[in-house]
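Respectively, the protein sequence lines represent chains A and Z.
With my numbering, letter number 219 in the first sequence gets 219, and the count goes up by one each step, no holes.
With my numbering, letter number 270 in the second sequence gets 270, and the count goes up by one each step, no holes.
Note that these hints are calculated values from the structure, not bench results.
There may be inaccurate statements among the hints.
Each pair may be met inside one copy or between any two copies, as identical chains are not told apart.
To be verified - When the alpha-carbon atoms are kept at most 20 Å apart in a straight line, the in silico SDA-like pairs for lysine to any residue are as follows:
| id | residue 1 | residue 2 |
| --- | --- | --- |
| 1 | Lys12 | Gly144 |
| 2 | Lys12 | Ala127 |
| 3 | Lys12 | Ile268 |
| 4 | Lys12 | Ala326 |
| 5 | Lys69 | Glu108 |
Residues per chain, in single letters:
There are 2 protein chains.
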Amino acid sequence: MTFTCPAPIPAKDTVLLGHGSGGQLSAELLRDIFLPAFANPVLSRLEDQAVLEVAGARLAFTTDSFVVKPLFFRGGDIGSLAVHGTVNDLAMGGARPLALSAAFILEEGFPLADLRRIAESMAQAAARAGVAVVTGDTKVVERGSGDGVYINTAGIGIVADGLDLSAAHARPGDAVVLSGAIGDHGAAILTEREGLSLEGDLRSDSAPLNGLVEAILAVTHEVRAMRDPTRGGLAGTLNEIAAQSRVGIALRETAIPLHAGVRGACEILGLDPLYVANEGKMVAIVAPECADAVVAAMRRHPLGAEAAVIGAVTAGHPGLVTLRTAFGTTRIVDMLAGDQLPRIC
Amino acid sequence: MTFTCPAPIPAKDTVLLGHGSGGQLSAELLRDIFLPAFANPVLSRLEDQAVLEVAGARLAFTTDSFVVKPLFFRGGDIGSLAVHGTVNDLAMGGARPLALSAAFILEEGFPLADLRRIAESMAQAAARAGVAVVTGDTKVVERGSGDGVYINTAGIGIVADGLDLSAAHARPGDAVVLSGAIGDHGAAILTEREGLSLEGDLRSDSAPLNGLVEAILAVTHEVRAMRDPTRGGLAGTLNEIAAQSRVGIALRETAIPLHAGVRGACEILGLDPLYVANEGKMVAIVAPECADAVVAAMRRHPLGAEAAVIGAVTAGHPGLVTLRTAFGTTRIVDMLAGDQLPRIC
Chain A
1 MTFTCPAPIP AKDTVLLGHG SGGQLSAELL RDIFLPAFAN PVLSRLEDQA
51 VLEVAGARLA FTTDSFVVKP LFFRGGDIGS LAVHGTVNDL AMGGARPLAL
101 SAAFILEEGF PLADLRRIAE SMAQAAARAG VAVVTGDTKV VERGSGDGVY
151 INTAGIGIVA DGLDLSAAHA RPGDAVVLSG AIGDHGAAIL TEREGLSLEG
201 DLRSDSAPLN GLVEAILAVT HEVRAMRDPT RGGLAGTLNE IAAQSRVGIA
251 LRETAIPLHA GVRGACEILG LDPLYVANEG KMVAIVAPEC ADAVVAAMRR
301 HPLGAEAAVI GAVTAGHPGL VTLRTAFGTT RIVDMLAGDQ LPRIC
Chain Z
1 MTFTCPAPIP AKDTVLLGHG SGGQLSAELL RDIFLPAFAN PVLSRLEDQA
51 VLEVAGARLA FTTDSFVVKP LFFRGGDIGS LAVHGTVNDL AMGGARPLAL
101 SAAFILEEGF PLADLRRIAE SMAQAAARAG VAVVTGDTKV VERGSGDGVY
151 INTAGIGIVA DGLDLSAAHA RPGDAVVLSG AIGDHGAAIL TEREGLSLEG
201 DLRSDSAPLN GLVEAILAVT HEVRAMRDPT RGGLAGTLNE IAAQSRVGIA
251 LRETAIPLHA GVRGACEILG LDPLYVANEG KMVAIVAPEC ADAVVAAMRR
301 HPLGAEAAVI GAVTAGHPGL VTLRTAFGTT RIVDMLAGDQ LPRIC
């Protein structure tokens, strides 16, 4: 009997950090493994939430796991983030959140005091968003097999009547509306992780967007798509919309709000804020005649005070996002292959 | 400026493996941390699924994370287990499963071939249960911060009309019906993990129970409670029902089916099969006059061929589960504080 020493598996045949980035590697994993296995028309729509007919109503259903590092950061923690993330995925589908689940994977030795603090933060975030945590689960893994705590939240909600939202619905001429400054969450996490102390009040924008969505839908239902630019940032989100709608998107750099602290952090760390994650911002693609009304409605809401039209959907260069820079040049804003920042949410 | 060396946190103030056991420590975590934080009437019912009124229908909603080790085992893998676990939590609430979510936490370096195998197994399990995976998420953590793959599934379903199931609804005189032999899943996992090779075909019973539930509900709706005895085993599940219904439960050991391989494994490993996890068995508490019909309906189904009445609900010794042994003595079947077997699901 002989034993053969198994050859190591080449890195290209294993999971890479970039597979969790929300960029091209994530898209490949979906295309090559998950979509072929789970093939069904709801999943294949590739929205941030599934929408199902239930008892005559349109039910939205979504899930997200959270592995953010560090667990506590300026502007939030893994608990509030886990609530906001799922509330926002429902809200981006035009759904009023009804209920959340919360499932914890805890590492042996994790301080119960920290777990209590996280649970309380989740509860506060849920109360602020007007949604209850109605079911849950806890698993424990041995010391060294986890990283303190991982949280999954799933959520259900009811989609408002008369809405037909999809990342595939953008049309040439539509306006691209952004609810506020970009990159706050990612920049806050990264400076915290790197131990940088920068000037200014750099903090995560983690927040529930369902109230802001209600404010928009109160003025118009002529919204084609709504997305929260989390992993992959504004660039990732707009590339997805451009690809799925087979349209171009032309942005104006000077119109995109950016806080000074984030600008500074990105300069020091060599990051492009267009790719940095947000957890309390949204993009709406709206009919051109409704753009001013949507911006005005956003600005009346505390989470949309810096809302602006940042560009337009074009018939030219379908699938591409371009940026007219402050210098007057135009560049392509591509989708990143992997990650600028792993474990941002 | 002086620095104080922080004292280590006493183990009692940290997460222990037993907190994930489904036993007393799990109950304490729920009582001391999660219930106070998330206080709401749906969660406080402590069922395996939340039931919400949506558009006039009763919607069941549940979540579970899976951290089973090893990932592949005789009779299943983490993928099929993740589907069955959530399908079964819905089915135990009398709900027809509508849709599942699937969220993956992958460790950097995990072989993509294994991920594909797991995804395909999930898809097959979902097809067998007649339910679609409609939404998902993938996160990646660095090498050493996870354990290959953790999966969360959440599920939604519609509760059949005319049912009023609850672990608090058992009444003295009710029959305790078990769908088949106990301990198969836990014994299979543990022998695999310990590298034991035992005689007989020891394999997990992991299976979707929604078809079996449909078979029961076709003959009667006089069912008080249904539960799948997973973590904590049959003993854990019946202790929960006894506590929540404030009744006693008297079991007859000779009536409880047990496969020879599981009996052998438990003897070698020093385990009590009453506490060993099942992933394809259910307990139904039913009105006494319906017991025979429920057993007959179960036996006509492939997953209920060994169904039997294993005991009765009593007015005496409320909150306690007792077992009349094969020797004719009676002993108390208590709830375990911690775990016999960590990471069984």
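Those earlier numbered hints the structure runs against, lowest number first: 2, 3, 4
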